[in-house]
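K.L.:
Residue numbers (full-length UniProt numbering), protein chains in the order written: chain A, 1 to 392; chain B, 1 to 359.
Calculated from the structure, these hints are not laboratory results. All values reported here derive from a predicted model rather than from experimental measurement. There could be a bad hint or two in this list.
[To be verified] Calculated pairs, DSSO-like style, for lysine-lysine (alpha carbon to alpha carbon, straight line, at most 30 Å): (1) Lys246/A <-> Lys338/A; (2) Lys85/A <-> Lys40/A; (3) Lys129/B <-> Lys279/A; (4) Lys227/B <-> Lys354/B; (5) Lys354/B <-> Lys83/A; (6) Lys315/A <-> Lys63/A; (7) Lys129/B <-> Lys188/A; (8) Lys40/A <-> Lys387/A; (9) Lys229/B <-> Lys387/A; (10) Lys188/A <-> Lys229/B; (11) Lys188/A <-> Lys227/B.
Listed below are the residues making up each chain.
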Amino acid sequence: MRKMLAAVSRVLSVVAQKPASRVLVASRHFANDATFEIKKCDLHRLEEGPPVTTVLTREDGLKYYRMMQTVRRMELKADQLYKQKIIRGFCHLMLLPMQEACCVGLEAGINPTDHLITAYRAHGFTFTRGLSVREILAELTGRRGGCAKGKGGSMHMYAKNFYGGNGIVGAQVPLGAGIALACKYNGKDEVCLTLYGDGAANQGQIFEAYNMAALWKLPCIFICENNRYGMGTSVERAAASTDYYKRGDFIPGLRVDGMDILCVREATKFAAAYCRSGKGPILMELQTYRYHGHSMSDPGVSYRTREEIQEVRSKSDPIMLLKDRMVNSNLASVEELKEIDVEVRKEIEDAAQFATADPEPPLEELGYHIYCNDPPFEVRGANQWIKFKSIS
Amino acid sequence: MAVAAVLVRRPLEQVSGLLRRRFHRTAPAALQVTVRDAINQGMDEELERDEKVFLLGEEVAQYDGAYKVSRGLWKKYGDKRIIDTPISEMGFAGIAVGAAMAGLRPICEFMTFNFSMQAIDQVINSAAKTYYMSGGLQSVPIVFRGPNGASAGVAAQHSQCFAAWYGHCPGLKVVSPWSSEDAKGLIKSAIRDNNPVVVLENELMYGVPFELPSEAQSKDFLIPIGKAKIERQGTHVTIVAHSRPVGHCLEAATVLSKEGIECEVINLRTIRPMDIETIEASVMKTNHLVTVEGGWPQFGVGAEICARIMEGPAFNFLDAPAVRVTGADVPMPYAKILEDNSVPQVKDIIFAIKKTLNI
Numbered sequence: 001m002r003k004m005l006a007a008v009s010r011v012l013s014v015v016a017q018k019p020a021s022r023v024l025v026a027s028r029h030f031a032n033d034a035t036f037e038i039k040k041c042d043l044h045r046l047e048e049g050p051p052v053t054t055v056l057t058r059e060d061g062l063k064y065y066r067m068m069q070t071v072r073r074m075e076l077k078a079d080q081l082y083k084q085k086i087i088r089g090f091c092h093l094m095l096l097p098m099q100e101a102c103c104v105g106l107e108a109g110i111n112p113t114d115h116l117i118t119a120y121r122a123h124g125f126t127f128t129r130g131l132s133v134r135e136i137l138a139e140l141t142g143r144r145g146g147c148a149k150g151k152g153g154s155m156h157m158y159a160k161n162f163y164g165g166n167g168i169v170g171a172q173v174p175l176g177a178g179i180a181l182a183c184k185y186n187g188k189d190e191v192c193l194t195l196y197g198d199g200a201a202n203q204g205q206i207f208e209a210y211n212m213a214a215l216w217k218l219p220c221i222f223i224c225e226n227n228r229y230g231m232g233t234s235v236e237r238a239a240a241s242t243d244y245y246k247r248g249d250f251i252p253g254l255r256v257d258g259m260d261i262l263c264v265r266e267a268t269k270f271a272a273a274y275c276r277s278g279k280g281p282i283l284m285e286l287q288t289y290r291y292h293g294h295s296m297s298d299p300g301v302s303y304r305t306r307e308e309i310q311e312v313r314s315k316s317d318p319i320m321l322l323k324d325r326m327v328n329s330n331l332a333s334v335e336e337l338k339e340i341d342v343e344v345r346k347e348i349e350d351a352a353q354f355a356t357a358d359p360e361p362p363l364e365e366l367g368y369h370i371y372c373n374d375p376p377f378e379v380r381g382a383n384q385w386i387k388f389k390s391i392s
Numbered sequence: 001m002a003v004a005a006v007l008v009r010r011p012l013e014q015v016s017g018l019l020r021r022r023f024h025r026t027a028p029a030a031l032q033v034t035v036r037d038a039i040n041q042g043m044d045e046e047l048e049r050d051e052k053v054f055l056l057g058e059e060v061a062q063y064d065g066a067y068k069v070s071r072g073l074w075k076k077y078g079d080k081r082i083i084d085t086p087i088s089e090m091g092f093a094g095i096a097v098g099a100a101m102a103g104l105r106p107i108c109e110f111m112t113f114n115f116s117m118q119a120i121d122q123v124i125n126s127a128a129k130t131y132y133m134s135g136g137l138q139s140v141p142i143v144f145r146g147p148n149g150a151s152a153g154v155a156a157q158h159s160q161c162f163a164a165w166y167g168h169c170p171g172l173k174v175v176s177p178w179s180s181e182d183a184k185g186l187i188k189s190a191i192r193d194n195n196p197v198v199v200l201e202n203e204l205m206y207g208v209p210f211e212l213p214s215e216a217q218s219k220d221f222l223i224p225i226g227k228a229k230i231e232r233q234g235t236h237v238t239i240v241a242h243s244r245p246v247g248h249c250l251e252a253a254t255v256l257s258k259e260g261i262e263c264e265v266i267n268l269r270t271i272r273p274m275d276i277e278t279i280e281a282s283v284m285k286t287n288h289l290v291t292v293e294g295g296w297p298q299f300g301v302g303a304e305i306c307a308r309i310m311e312g313p314a315f316n317f318l319d320a321p322a323v324r325v326t327g328a329d330v331p332m333p334y335a336k337i338l339e340d341n342s343v344p345q346v347k348d349i350i351f352a353i354k355k356t357l358n359i
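Construct the entire structure; sequences and hints are all you get.
P.N.:
Dropping the structure here:
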């Protein structure tokens with residue numbers, strides 16, 4: 001009994017103490033790092049793959065946890081705002097399946113000076129590439145504080161070395177190969193991560209990009225996020241070959257467990273090193289699992305039991321996976337992680353407040369940003385008497 | 001005596017001739033340059049000026065260009081700057097746009113603009129709209145160039161004019177050179193422009209020589225995008241054209257001049273943004289308007305000019321409805337007699353002018 005009371009008081013005192021002293025307590029209580037086993041990747045035209053064990057530091061673990069939670073909560077908030085009709089139009093979220101490990105894991109495997117481009121399920125990447133939740137949510141709600149000033153919306157967010165956010169399925173893949181061409185042209189050892197889904201993988205222009213990237217040895221990492229469904233069409237109904245990591249044919253490939261952030265990180269590091277060595281492009285397939293129906297309108301219980309869903313959810317949830325690993329290896333405490341949850345929730349709430357309160361862009365700016373670096377000119381409105389000024 | 005006079009006269013003539021020649025030599029010499037060489041020079045100068053500029057497309061490097069427009073460039077600049085692509089329009093146009101997004105300044109050649117249709121999504125959705133969609137964050141400094149419109153005997157799939165299609169889209173700039181001066185000045189401006197620019201060349205014009213005035217021989221000679229040029233002053237009727245038909249209009253003007261009709265011929269040079277002010281000022285002077293283009297009539301360049309004239313101050317100065325001369329509303333046929341009658345000829349322009357002048 002006394003031991004329990006002592007333990008409780010210790011916990012309470014830890015919680016009550018100021019951050020500085022908590023760090024002292026933490027360094028006494030927690031491990032600095034831990035080694036984990038990760039799934040071996042399936043390989044195509046590669047002799048060796050990424051390592052099957054990796055070291056996670058406490059610092060990195062906390063960082064990844066916070067980032068993944070932020071992405072999760074941000075997407076949940078976007079979902080909520082969409083249902084309230086505060087967000088309009090398209091809103092492709094990373095909730096189903098849970099793709100936070102992909103965006104955080106990829107970012108962990110590259111440098112900020114590397115480049116990334118993806119399709120329309122882009123909010124998580126916009127965050128991991130450096131924009132704030134505030135600017136992202138405000139762009140979703142179409143306000144002037146949005147990262148594209150409300151001009152782009154969900155599918156058209158840009159940041160430094162992040163090229164969107166692209167609405168046309170597959171078009172981003174040649175763009176990514178072009179960014180890789182610029183990397184090679186500039187000779188700075190940078191790589192470009194070019195993402196697409198299992199649905200997009202059947203686009204012809206992707207094969208054109210594979211061909212040119214391989215021909216010219218472009219430092220392009222083609223990444224197929226396979227969540228097993230292209231809208232309503234399962235992979236078996238869309239692709240004659242569902243081995244997406246092999247579809248680059250002459251391009252070496254690896255198939256990665258996309259639900260394990262450490263697996264994603266190691267595979268990305270491996271792929272980036274391959275590209276930087278000048279060997280040309282490489283292909284990564286990130287396997288994410290569908291535990292749910294395609295969208296919010298399909299609860300997915302008609303063909304599965306709730307228990308089954310719960311079980312798969314707990315086994316496949318990348319955030320739960322990281323949490324369990326960290327707690328079990330004494331890299332962090334449950335309370336500590338709960339605190340991060342609280343902080344993240346607050347950050348999202350504040351951002352959502354801003355995104356709902358911020359005014360829409362001024363009507364006068366409707367004609368802005370047609371051309372870059374040009375003197376102002378006039379843009380025609382709905383009739384010949386309505387004119388908008390256009391400023392670069 | 002007569003012989004002596006001749007002996008004296010000849011040298012005198014020769015001396016005065018020499019004096020005359022020396023006098024002319026002090027004035028700047030105009031050069032005869034074909035449109036092809038003018039484009040080549042323009043690209044060469046810009047490649048030299050800015051190492052971020054590069055050219056890619058089918059056969060642009062080792063073949064010297066399908067129409068020899070990029071002759072000598074690969075030899076001079078090598079594999080890094082002059083890139084032969086596989087036959088993958090959608091792919092290489094996308095690659096070019098991506099490279100532009102990442103800060104390079106690509107010139108993307110379509111062997112003809114007919115093939116650009118395979119890549120048009122990249123031109124419109126990835127290039128043209130991006131600066132706007134990103135709220136001014138992401139620019140796309142790219143040039144798409146190549147021959148556009150009718151050629152000779154290449155039939156329907158290889159003869160379409162894309163001026164109206166590309167001219168439709170906000171975010172794009174679209175230019176259509178006629179002369180060598182146009183070609184050189186516009187390609188240089190296009191390459192230096194930070195926006196996506198479509199340069200609609202003309203295969204039948206490639207081999208045509210023009211006098212390149214001295215200022216056009218300078219390495220910094222630029223023609224502003226968005227300004228039309230009055231090629232010939234006139235008082236009775238305004239003729240507006242772009243690309244090869246400009247030459248036909250000047251021919252028509254010469255013929256009509258003998259009948260006392262003075263045509264003002266405007267070379268549009270830029271399709272988008274269109275210089276409607278120059279056209280309006282001219283119509284307000286001549287009171288008559290005829291537009292001439294190679295493309296199809298429906299929703300074409302001429303249709304746009306007419307609509308805008310109606311909306312502006314020039315409408316009240318028209319003494320007759322504006323008239324359009326265009327390509328025939330058919331896919332381009334192959335047989336010579338059919339093809340000849342599917343494009344605007346000088347006689348069609350003259351007929352239209354006389355109709356509008358009620359002659």
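K.L.:
Kindly indicate which numbered hints from before are broken by the structure, ordering the numbers from low to high.
P.N.:
Result: hints 1, 2, 3, 5, 8, 10, 11 break, sorted rising.
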